[in-house]
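There are 2 protein chains.
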Amino acid sequence: MIGFDEKKYLEIGNNTVKLKGRVEEITKEINKDGYKNVFLIGSGGSYAMFLPFEYYMRTKSTISVYAEIAAELMACGHNQLGRDSVCIFTSTSGTTQETVEAAAYCREKGARTICISGNADVPYAKEADYPIINTMDDFSAADADYILLYMLTFSLMHEHGDFPEYEEFCKNLGKLPAALVDVKKQCENKAEAFAEKYKDETYHLLTGAGTVWGETYSYAMCVMEEMQWIRTKSVKAAEFFHGTLELLEKDVSLMVIMGEDELRPQCERVVNFAKKLGFTENLNVFDTADYSLPGVEDKYRRLLSPIVMTAVLDRLSIQLEAKRGHSLDIRRYYKQMEY
Amino acid sequence: MIGFDEKKYLEIGNNTVKLKGRVEEITKEINKDGYKNVFLIGSGGSYAMFLPFEYYMRTKSTISVYAEIAAELMACGHNQLGRDSVCIFTSTSGTTQETVEAAAYCREKGARTICISGNADVPYAKEADYPIINTMDDFSAADADYILLYMLTFSLMHEHGDFPEYEEFCKNLGKLPAALVDVKKQCENKAEAFAEKYKDETYHLLTGAGTVWGETYSYAMCVMEEMQWIRTKSVKAAEFFHGTLELLEKDVSLMVIMGEDELRPQCERVVNFAKKLGFTENLNVFDTADYSLPGVEDKYRRLLSPIVMTAVLDRLSIQLEAKRGHSLDIRRYYKQMEY
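Residue numbers (the working numbering), protein chains in the order written: chain A, 1 to 339; chain B, 1001 to 1339.
The shape of chain A in the complex, shown without the other chains (with noise of 0.2 angstroms):
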């Protein structure tokens, strides 16, 4: 596969795995001492990858849990933000400023933060009360990042009641690292036909639901936008029925990103809606159950819906650069300039 380190990509997610023994140690002491709700801050990429895990909680066991982007629970507050609450952030450099700032927000709140970093020596993880160091880098920031947070959130929800099966879970995480190299093969072809096709597309419609809704968002805002300079909509497919749907004609590429959980069929009404107008030609599904998950237990991909769609994504992206002959690195003003 071009742009794919395999040994590394591997090397970095096998690490990961290892830190369950750090993030259980965190998850006993916090539920021991005990706590009223957990916060997942972030913003952009980080906002968007916490959104399944929302999810998760929400759905799957009964802490009180909120997603929130950083720079606006700074500026407004939130009230059920305090002592009683930890929070949770990630930060592959460990010195994203919104992210770094909400930290310091959420402990002078008096609040317990986790802080999640690819680097042990800044003030983000020094200062964090429960640092948590995952070696990873660009490169693999996402689904590094991914795993650690199925750990951490499970593990919670685990100490918490909510999971007994937490530890057969994380034998299939063990797995993942693997299967994923597994995934990102089986859907080159696909991607690289998707960005042959559409190189010289100016405007996609991405729809996407439950778990797979914060990877629908970002991939529209931070890979097609931020580094295709690609123009899309997102809406969430619930959504899409309450006005996008009139932009629907032949011409329009339409992008239904699917994953396997309770909102499946959301994603499904959305597909089924464009084949029945005929409007097939642009129409393309990307689908986690397309991919085998070789080694995972099948019950556990509903709940791995984010983590595979990344790894497909990821793959488009390559294919997308390779294709436009646009590089993912470049910014016009992103880093290029004080704003």
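Source of the hints: derived by calculation from the structure; they are not laboratory data.
One thing to keep in mind: the hints can contain errors.
Unchecked claim - Ranges of calculated distance between the beta carbons of each label pair, as one might list FRET restraints:
1. B/THR1062 <-> A/LEU328: 41 to 51 angstroms
2. A/ILE330 <-> B/ARG1332: 34 to 44 angstroms
3. B/GLU1281 <-> A/HIS326: 18 to 28 angstroms
4. B/VAL1285 <-> A/HIS326: 29 to 39 angstroms
5. A/ARG107 <-> B/LYS1036: 19 to 29 angstroms
6. A/LEU328 <-> B/THR1202: 48 to 58 angstroms
7. B/GLY1034 <-> A/ASP298: 41 to 51 angstroms
8. B/LYS1185 <-> A/PHE279: 34 to 44 angstroms
9. B/GLU1297 <-> A/GLY325: 51 to 61 angstroms
10. A/LYS299 <-> B/TYR1334: 53 to 63 angstroms
To be verified - Some chain A residues well away from chain B (every beta-carbon gap over 12 angstroms; in silico):
11. GLU6
12. LEU19
13. GLU25
14. ARG112
15. ASP129
16. PRO164
17. GLU165
18. ASP182
19. GLU188
20. HIS242
21. VAL296
22. GLU297
23. TYR334
Stated by the list, open to error - In silico DSS-like links for lysine-lysine, alpha-carbon gap of 27 angstroms or less:
24. A/LYS250 <-> B/LYS1335
25. A/LYS335 <-> B/LYS1276
26. A/LYS60 <-> B/LYS1036
27. A/LYS335 <-> B/LYS1275
28. B/LYS1060 <-> A/LYS109
29. A/LYS276 <-> B/LYS1335
30. B/LYS1250 <-> A/LYS199
31. A/LYS36 <-> B/LYS1109
32. A/LYS28 <-> A/LYS7
33. A/LYS36 <-> B/LYS1036
34. B/LYS1335 <-> A/LYS275
The beta carbon of each residue, even a glycine, is placed where N, CA and C say it ideally should be.
Given chain A, work out where chain B should sit, using these hints.
Using the frame of chain A, we list chain B on its own:
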């Protein structure tokens, strides 16, 4: 003003204000019985309209509150929804399928339901624990709904001990119907000029924050996309800087939807960014601070941004309809077919 029946608008708005007694009858009873949290449940435009009230309750009271999309809630549930929940819905026709079903779903879960309806004679209103009949119609639905939701949520906050200035605030709400007619007149020239300049524009980038984020989201989706078939991207101002900013070029229409709440500086940051780049030709700021509200005390302006913004944007819709020769009432698919 074209497309505006001032007498009818004032009559509907003033009738809504008179529902204060009915609202307080409900909130006093609910408060006396006690409750754990409030759910604001809608779809599309009604979901978007609930977002500022989630914001107010989260930042100006200690009430636990969740704004939820009806179809999502029913598909995956919510761990904080139960017998101690108060669920609020609104439907002009009283027959919006997802809203009607979600209200029934919440009653099944044992929650109390407050159902705002433009129509008393529908099961949705009849089966509600607390129906509120607000004689709105499509013409003035948003404004009449807003006034009622202000009374209802701020009365809940008041009964909860969080908003002592409630009675004074309601006196100011009573001035709103006439003040909003004035706002519509004040913004008319700006709306007409925008519609004339952009009548052939095929894509707009909209950003907003805080209490006007709901208006930003729904104006893009429910008006520009649904009623005018124009492509849009709506993005929260804080998130704009995490990807979408790279789309900004001189010829891109950037609409900044700006209110007077705590998140106003996030919109100002977007405006300053565009100005710094010299991209002012297609920068259009819709700012509630530009409009006087005759009879309304200045100290309540910061709480009224979304309803002021909807008055402004309604004029923009009417002007877009006129200049583009595209009726706000035609649909390609919605209610034209089953899906």
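Taking the hints in turn, this is what the structure says about them:
{"no.": "1", "hint": "B/THR1062 <-> A/LEU328: 41 to 51 angstroms", "result": "holds (45 angstroms)"}
{"no.": "2", "hint": "A/ILE330 <-> B/ARG1332: 34 to 44 angstroms", "result": "holds (38 angstroms)"}
{"no.": "3", "hint": "B/GLU1281 <-> A/HIS326: 18 to 28 angstroms", "result": "holds (26 angstroms)"}
{"no.": "4", "hint": "B/VAL1285 <-> A/HIS326: 29 to 39 angstroms", "result": "holds (31 angstroms)"}
{"no.": "5", "hint": "A/ARG107 <-> B/LYS1036: 19 to 29 angstroms", "result": "holds (28 angstroms)"}
{"no.": "6", "hint": "A/LEU328 <-> B/THR1202: 48 to 58 angstroms", "result": "violated (27 angstroms)"}
{"no.": "7", "hint": "B/GLY1034 <-> A/ASP298: 41 to 51 angstroms", "result": "holds (44 angstroms)"}
{"no.": "8", "hint": "B/LYS1185 <-> A/PHE279: 34 to 44 angstroms", "result": "holds (43 angstroms)"}
{"no.": "9", "hint": "B/GLU1297 <-> A/GLY325: 51 to 61 angstroms", "result": "holds (59 angstroms)"}
{"no.": "10", "hint": "A/LYS299 <-> B/TYR1334: 53 to 63 angstroms", "result": "violated (39 angstroms)"}
{"no.": "11", "hint": "GLU6", "result": "holds (28 angstroms)"}
{"no.": "12", "hint": "LEU19", "result": "holds (26 angstroms)"}
{"no.": "13", "hint": "GLU25", "result": "holds (26 angstroms)"}
{"no.": "14", "hint": "ARG112", "result": "holds (20 angstroms)"}
{"no.": "15", "hint": "ASP129", "result": "holds (24 angstroms)"}
{"no.": "16", "hint": "PRO164", "result": "holds (17 angstroms)"}
{"no.": "17", "hint": "GLU165", "result": "holds (18 angstroms)"}
{"no.": "18", "hint": "ASP182", "result": "holds (29 angstroms)"}
{"no.": "19", "hint": "GLU188", "result": "holds (25 angstroms)"}
{"no.": "20", "hint": "HIS242", "result": "violated (3 angstroms)"}
{"no.": "21", "hint": "VAL296", "result": "holds (22 angstroms)"}
{"no.": "22", "hint": "GLU297", "result": "holds (22 angstroms)"}
{"no.": "23", "hint": "TYR334", "result": "violated (7 angstroms)"}
{"no.": "24", "hint": "A/LYS250 <-> B/LYS1335", "result": "holds (20 angstroms)"}
{"no.": "25", "hint": "A/LYS335 <-> B/LYS1276", "result": "holds (15 angstroms)"}
{"no.": "26", "hint": "A/LYS60 <-> B/LYS1036", "result": "holds (20 angstroms)"}
{"no.": "27", "hint": "A/LYS335 <-> B/LYS1275", "result": "holds (17 angstroms)"}
{"no.": "28", "hint": "B/LYS1060 <-> A/LYS109", "result": "holds (17 angstroms)"}
{"no.": "29", "hint": "A/LYS276 <-> B/LYS1335", "result": "holds (15 angstroms)"}
{"no.": "30", "hint": "B/LYS1250 <-> A/LYS199", "result": "holds (23 angstroms)"}
{"no.": "31", "hint": "A/LYS36 <-> B/LYS1109", "result": "holds (23 angstroms)"}
{"no.": "32", "hint": "A/LYS28 <-> A/LYS7", "result": "violated (33 angstroms)"}
{"no.": "33", "hint": "A/LYS36 <-> B/LYS1036", "result": "holds (14 angstroms)"}
{"no.": "34", "hint": "B/LYS1335 <-> A/LYS275", "result": "holds (17 angstroms)"}
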